[in-house]
Each structure stands twice: as C-alpha cells, then as structure tokens.
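Participant: Heads up: the sequence shown begins at 1 in the working numbering, then just goes up one per residue.
Hints are computed from structural coordinates only; laboratory data are not their basis.
Quantities reported herein were computed from a predicted structural model and do not represent experimental measurements.
Calculated pairs, BS3-like style, for lysine-lysine (alpha carbon to alpha carbon, straight line, at most 27 Å): (1) Lys234 to Lys222; (2) Lys489 to Lys436; (3) Lys436 to Lys459; (4) Lys459 to Lys438; (5) Lys571 to Lys628; (6) Lys561 to Lys628; (7) Lys489 to Lys409; (8) Lys459 to Lys409; (9) Lys473 to Lys561; (10) Lys368 to Lys473; (11) Lys655 to Lys571; (12) Lys368 to Lys234.
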Amino acid sequence: MQPIDPPVGGGRLRLLGLYHGLGASADDAEAALRHAAHYVGTYDWRGPGLRQQQLTGVLYEELVPLSEEHFAASDRRTEALGGKNVIDTAFHTMAHLSPEYVEAARAAAASADVVVFSHPWIYPLVRDVLRPDRQLIVYDAHNVEGLLRTDLLDDGAGGSEVARGVVEVENAVCAAADLVLACSHDDATAFASLYGVPFERIRVIPNGTFTRKIKPPTDAEKREARGQFGVEDKPVAFFLGSNYGPNVEAARFIADALAPALPNVLFVIGGGVGDGLENAHTPANVRVTGRLSDAELLQWLKASDIAVNPMFGGSGTNIKMLDFMAAGLPIVTTAIGARGIDTSERAFVIAQAETFARTVSNVLGNAKESAQLAAGARSQADRFYSWERISDYLGTMLSRWAEIRKAGKQPPFFSVVVPTYERHELLSTLVNFLDKQKWRDFEVIIVDQSASPWPDRDKAFSFDLHYIHTDRKGAVTARNTGAGLARGKVIAFTDDDCEPDENWLAAAHEVFTTTDAVGLEGLIRSDRVGDSAWRPVTNEGFEGIGFMTANLFVRADIFHKLNGFDIALEKPHFREDTDLGWRLQDVGEVPFSREAWVYHPPHSREIERESQTVRSTFFQNDAILMRKHPERYAELMLREVQWQHVPDFWDHFLKGIELHGVEVPDDIRNIMRENAGIEFTGLLQAGGQSLPPAGSTGVSPALDAARRPAGLHRVLGRSLAWPMRSLWHQVWERIERRVRPVEQRLDGTSASLLQLQRSTDERLKKVEARLEAIERHLSIGGSKGLSGSGKAKLAETGNALDNERSQAVADKDVAEILRAAALVMRSRARLEAVAEDPAANASSGPNKSSDR
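All chains, please: the whole structure from these sequences, using the hints.
Facilitator: Written out as structure tokens, the structure reads:
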C-alpha cells in the first residue's frame, strides 16, 4: 500500500528488493518488457498527489492518493479503537471511498499476466476481474498478517472485529493464490497450519540486502570514514534500529551493560531507535546518531570494527543483520537477533546477555577469528541474502509458472533436478539418457556452477529443460535452487554423471501413484566395488539408511514442508542427502526400488576431489548429522564402520565435533570407546578463544583421548593441542608417505585373514551337517536282527554316503569321514547276511571273502 520510494522500513525495502530486477538485464530491453512490474500503491497520510515514476528498468511505481472521505472514515475508526491505526488492516472496508485508487488497481490487475498481492486487503477489491485460468495469482506475504494483527488488535471488542476481518481476507487470498511467498520457513509453516495452504504452493523468499551497494570497505575507505566521524583512536561497535520497542530495549542494554563493561570500545547507536534514549543516561563511550541517511549509514558501516545486535524480543528477521553481514563486519548477536538467518558457514557469534560483553571483547581481541567471521558474514550475505540474486530468482520463478498458466497447461508430474560442476561432457550424456525415458511427463532443471556455460544449453530437446548458469558454488544450494523452481508434483534428484535406466521415471511413477510414499530411494549401481584405487558410488547394502541424491525422489509438498536440504551441510556437501532421507522417514514411508535404477560410474582416487585425503575431511559433517539424528546416526555408524576404511575418520569426526560445538550422546561415546579406544570427556567452556558457529551456545569441545598403541598416527594426533594440529599434520605427512604402504599391506593381510575365517566357518558348517547325516544313517543299523528290508536300507544308505562323498571331494576331511562310514555300513550289512544264511554267503566265492 505504501510508496516504495523512498525505501524506508522493512516493507518498502522488500518491495524494492524483490521487484527491482526480476531477472532482466539492465541492457536487455526485451527482457525488461517481459518482466515489467507495475506497482499500484498509495499514501497512508494526507497531502501528496498522483505520482508515476520508473524506479528501475523493470519496476514502475504508480501512487494514487486516497480521498479525504477515506481519511475521515479511518480517523473515526482509529478513535473508536482507542487510537489504534487501522488504515491498512481495515482498508478493504473503506476503499469504496477512494474510487480512483480502486479503479487503478482493478485496471492493472485485469491486464497483468501475474498478479501479486503484497498485502491481503487489496484482494477483495479486484477479485472479480481476475482470470485464474490464464493469470498467475501470487500472495507475497510480508508477515502472517492474521497472527500479527490479532496479536496487535485483539481486545474483545472493535479491535477483535478488525483482526477477524484480516484473517478472513488473508484466508481468501491464500485460497486463491497459486503461490504464497513467505519470508521464512516459520511463516510458511504458519500459512500451512492456519489456512491449510499446501506446501507445494508455498515458496520461502527471504528478506535481503543490496550487496552490490553495501560492501566491505578498502583500508583507505575505512580510514576516511573513521576520520570523518573522529573515531580513529578506539574500536567501534555499531548497532542500528528504528524506534521500535525491542530495538529500544537492545539500545538500553548497550548503554547500561555493554558500554560500562567495555570502556575502551565506542558504541554507536544509529537510526530512529535513538529517540527511545532521549531521557536516558548514556556513558561517554556511547554515541547516539539519530536517523541516518543512506550515505551516512554506509559511512558508519565502513567506520565500524564490529556489529552488535543484542535483541531480546520482537519477531521476524532483523534486516539490519543482513546489512552488517553485507558490510563484512564480525557480528555478535543474541539468538533472537539471528532468527531466520540460515547459513552454510560461520557468519556471526551467538551470545547470551551475561556473556555478551566478554564475547565482544574476545572477537575484537582475536584478529584471525574476527577476519574469518567477517569473511563468512559477507559470503553468506552474497550467497543467500542478496536482493540482486533474490530478485532474479523470483523473476525466473514467476515467469516459469506464468508460462504454463497462460498456455492453459498442467504442471508436469516429475521435475528432474541436476546440479553440475565442470563436467559438461558427462552432463550431455545424462541428458541423452533422460531423452530416452519411457515416462514423458517431466521437466529438467539444470543448475550449472561451472566457469563457462554448458555448450548444449540452447539445443532443442524432447522435454522441457530449464538451464541456470550461476557463480554460486555448492551442490546443496544448487539442489535447493532447482527444487524451488520445480513445477512438478515429485522432484527427482540425480547427479550429472549418472545414467538412468529408460524405465527410471516410469518405475517411480508407479510407486507414487499406487502408494502414499513421501519419497523413493532408487537403486544406484556402480563398478569397482572393493577397489581401493576407485570410489564406487552405490547404495546396495545401505537401503533405507544411507540415502544418496544420485537417485532420490521426493514429493514436492513434503520437500518444501521440510525446508529442503540443510545448507549447514554445504561445506563440504556431505550427508545432506542422508539428513533429508531421515527427515522424510519421520513424516512417511520411503520405500526402496530396484526397478527405478541409475548407473553411477566410479571415481578414480587420482582425481583430487575424489582422493581419500580430500574425501576424509567430509566426515566433519557427521557431527551435524549426529546432533540432528543421534539414534539413527549411531546405527549408520555401526553399519558403515568408516574407521575400517578411512584412516583419518576419527580425526575429522572429532574435529567436526569441535568445529560445530556438538554434544556427543552416550551411545556414540560407547562406539568410540569400543572401536577406537577413545575416551571422550565432553564439552568445556571455550572462553571465547575458539568461536562457535552460528546457533551454538559459545562452547567448544575439549578432547582427552587415550588411543590404542597400535594407532601411532592417532596417539600423536590426540596428544597435541588442537591449535597445533595443522603444523603436526604437515610433519606427519612426511612420515605417512613411508608408513602408508605398510599399513596398506597390513590392511590386505587383515582382509585375507577375514576371508579365510569366513571360508573356514563355512567348511565347518558343512562338516557338522554331514556328521549329523552320518549319525542318522548309522542309527538305522543300530538294532539287532535286521530284516531283509533293513539290510537293503543299510546298503542304500552306504550308496547315499558314497554320493555325498563324491560331492565333497574338495573337502578332504569330510570325504574321508564319509568313506569310512560307507565301509562300516556295507560291512554291517554283509555280516548280518552271513549270520542269517552262512551257506549262501560261502557260495559267493573268494572275492566276497577278500572283500571282508
């Protein structure tokens, strides 16, 4: 409703951020026309007149003022509610008093291919001119307005009536929308729970910051900014906020607690929040700037050494955190201040009120950690919270959905998502295999992170292919990006070097249309299993527990309900597929299919990124997997027994525990003790020297492990302090070059002994089975005075033993036992015959006697 320009406040910033680019290049006139956005807004105050302006190459703003009658009616409603301003929330009940605005909104909605409602209260005014069969209807929800307004207005009287109207209107727009854009996964969950919006129609589009405008300063720019403000002599800690209750609370905490505790630090409190400190005492090392222009804000970000965000209340994402991150500042924040900001690497430090001052001091006093935090903050802002990237992504999403809506088509059943990196030849092979699929209702989304684009990207294919070329590296991000753009009911993940069977999709379709499965794990075939020079990629033997994105299907609504792959497992991308598979199992069945199979070629260990040295570092992510799924991880650990195959498994597992500040459950400690001789002592307070990742509580593990003497490598490693480990690894690498061949021969010997033991066990089982057979046969002749049929049975048994002996010639010990038993049985039969008829047996001649 409000103007976009000037972009002051979260709502206006979101409007400008989301719609300023929409994927159209600044010099591409055709794309600008195709992605053109027409914003119809107004003023919620008296005075300004009609305004029409082109804000960017694609964003056009039209502001139509409200009538005096409208303002008068709003004033009366505000007075009746005891001063609560409801010009926005009750807008749909009074808009008829501003016919010029309604006419402009209806005209724009009727002519658009995509109609976006940035607030719900406009929907009732235009619903009758919408064409749902040809238009894409989108609700861009800045908040869950029904919850927010109920919290603000519910008073059991007139305010409750207004809040009820907001809920009704928001419910209506959610029901009509093809897509609901939520600011966070929490909001997405609220829309699903409150209004029953299916998750397949919800996409999380986070708030952001303009990362091309806010950048880390050069040394010269920093000196200039500090000189401008006269703060050359001491470190500067910066806080920013509007005059909003939780911000004022944070500012008072800075003035009352942080500043006295850190007198050598200058705390700068910027923005309208300073109005809330007008009558408060502020120490000499606190500077309150008041409201800042964009230019002044940029200068303070450049002049600062650290950002602080001690928020203890409020809701939603703190957009100031994103500005701090884009500026490349190390940040200390409370957990509430970091709410809704997901990262794939450490970008800030979480502190509680009682540890906040000490944490700030530690960060400022540790140049290396401060620099790492600053780099991580900037990286994460650019990767996930850049308005430039977000707007491009949104433009692509809206245009893809609008295409099929305008054409009157239905979304495909499958969306095949493929991340790729520097393997274009293999990617082309995969696409050829996809072209041979017998089930044809599918689309393919390729997210290419290679330096140069895929040469085949513009070729014509028999299926819908959408190609994205990006400079953002990371398979987890790539898969989430592709899944966010997917229009299919089921998302199929595979790798760029896989070769799917022609019935891959057909077999999966059978499962999803005949069962309630939420996902499907398909067979992955590979070669060179057991060859240490190669890394085979297969899930045989790990069905239902391993999960690999080389062949994994997920219902789209469930994927979005679970918030996709966890980006915390991005660096390196490892275990994110296992984590998703386990979360899928928490909500439904995930069967295994041998019919929906793909072939995945093995990777040579000579390739650096496939080498044992590089791959072993991936097990640092096991700490995160263990924290999220302790019981399942214990089972996986015992199934995989990685320590038998990966020499450095325990080193990297323990390093991951330290890096991510993870508590180790008792059953995992038992596995460590029984299989590696590790006694894990638990977590100790880090004292700020080793800074934990975002979301942790400021602790870091102290390791005290007594290792088995046989593992010299591990004994030395565990005997040194963790800060010395990088140096120790360099020294030990030289030793390992000589030790590794010996260890490999020992591993080979161990494998041979294990095979011999298994073979011996099998032979003993055969011997025992045949001895039991002998005992049964011998018991037949145990009674005296056998009849003629009994003697015949004995002879028959002897012949049977002869047959068994001939089948067991390879087992000489078994064969000898059977041979002796056969002689006994025959001799016993003849002795019984002689006893009954001596004359008959005497006539049989010397041969019979010699036989005896």
